[in-house]
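Participant: Sequence:
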Amino acid sequence: MEATTLRQLAAYAAVARAASFTAAAAEMHVSQSSLSRAVADLERQLGVQLLERDTRNVQLTAAGVEALRVAEQIVTAHRAGMKELRRYLLGESGTVAVATLPSVAAVLLPQVISDFRERRPQVAVRLLDGLERSVLDRVLSGDADFAITTVGNPPEQLEHRPLVRDRFVAVLPEGHPLADRHELAWEDLARQPFLAVGRDSSVRRLTDAAFAQIDAHAVPAAEAGSIATVGGLVTAGLGVSAMPALVLPLMGAGPVVCRPLVDPVVDRRLDIVLRVRRTLPAVTVRFLETLEEFRLQGRPLPPGVSWA
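First residue of the sequence shown? That's 1 in my numbering, and the numbers climb one at a time after it.
Calculated directly from the structure, the hints in this document are not laboratory data. From the three backbone atoms N, C-alpha and C, an ideal C-beta is built for every residue, glycine too. Please note that a few of the clues may not be correct.
[Claimed, not checked] If you anchor each label on the Cβ, the simulated ranges turn out as follows: (1) Ala179 x Leu128: 34 to 42 Å; (2) Asp208 x Glu159: 25 to 33 Å; (3) Lys83 x Glu118: 15 to 23 Å; (4) Thr279 x Glu118: 41 to 49 Å; (5) Ala26 x Gln73: 21 to 29 Å; (6) Arg278 x Arg37: 28 to 36 Å.
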């Protein structure tokens, strides 16, 4: 059986609604003869008469009434589907999947997402937060469109560009003797019980590198898997720590004192990471454009954090 086309169904529906080939042809901006052929072809394919014609009138047969119902459903669904496809291709609908560090997800991105969705309310943003290695793996596997993370030794399949920097500060319990000073050196922390995050964290990699730079061997008094746990240990007076500025809001509600760290000054750079030669969905391109707008406009960031 020859395939029925959308054009035939649309032509038939127009004639059936108008009860006139002349009116339907004017509505569809086609010739009456072209419209007649489309309807005749549809009747031939279905093997049934849909319209009863005379010189003045067009009336639907019983089969024609049912055919009109089905044709209108199909034509309406096609129009709705094409409208939604156009919205997706323009970046006005769909989902943006971002793999990122928890500090970026909780502190940097909320305002970006708010501004983005205000302009594109039909778009969803999916945040896949985790540590650096898992974040990069999400991009490699295609689970995430892109990542915002620190980059140590990235695989060659990934490309990256700088987005923001945040500076490391000393984190002390209230009343600590070092809290009276305006700034601290890494050597000062090396002499204190040091509270560290786990070795799979990019924060740990950077703190270890800072201590190595001054030939200090800071053996952690305690290690914890989360920033919030380290914050709780500091608040309890079990030791001191060092954290990049963007992480500080994740340390919990307990009272701590933060002081600039020097000798050396250590910045953490957070990059946008993409898979090489991957074509991004339009909605993701629009989200990255919004991020770039924030950077170029110098939108406000927390203390100790700057656009790269």
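Participant: Between Thr279 and Glu118, does the C-beta distance stay in 41 to 49 Å?
Facilitator: violated (27 Å)
Participant: Hint says 25 to 33 Å; check whether the CB-CB distance for Asp208 and Glu159 agrees.
Facilitator: holds (27 Å)
Participant: Has the hinted range 21 to 29 Å been met by the Cβ atoms of Ala26 and Gln73?
Facilitator: holds (24 Å)
Participant: Given a hint of 28 to 36 Å, does the C-beta separation of Arg278 and Arg37 actually sit inside it?
Facilitator: violated (46 Å)
Participant: Starting from the range 15 to 23 Å, see whether the pair Lys83 and Glu118 falls in it by beta-carbon distance.
Facilitator: holds (22 Å)
Participant: Could you check the hint for me, namely that Ala179 and Leu128 are 34 to 42 Å apart, CB to CB?
Facilitator: About 37 Å separates the Cβ atoms of Ala179 and Leu128, which means 34 to 42 Å holds.
Violated hints, listed in ascending order, are 4, 6; each of the other numbered hints is respected by the structure.
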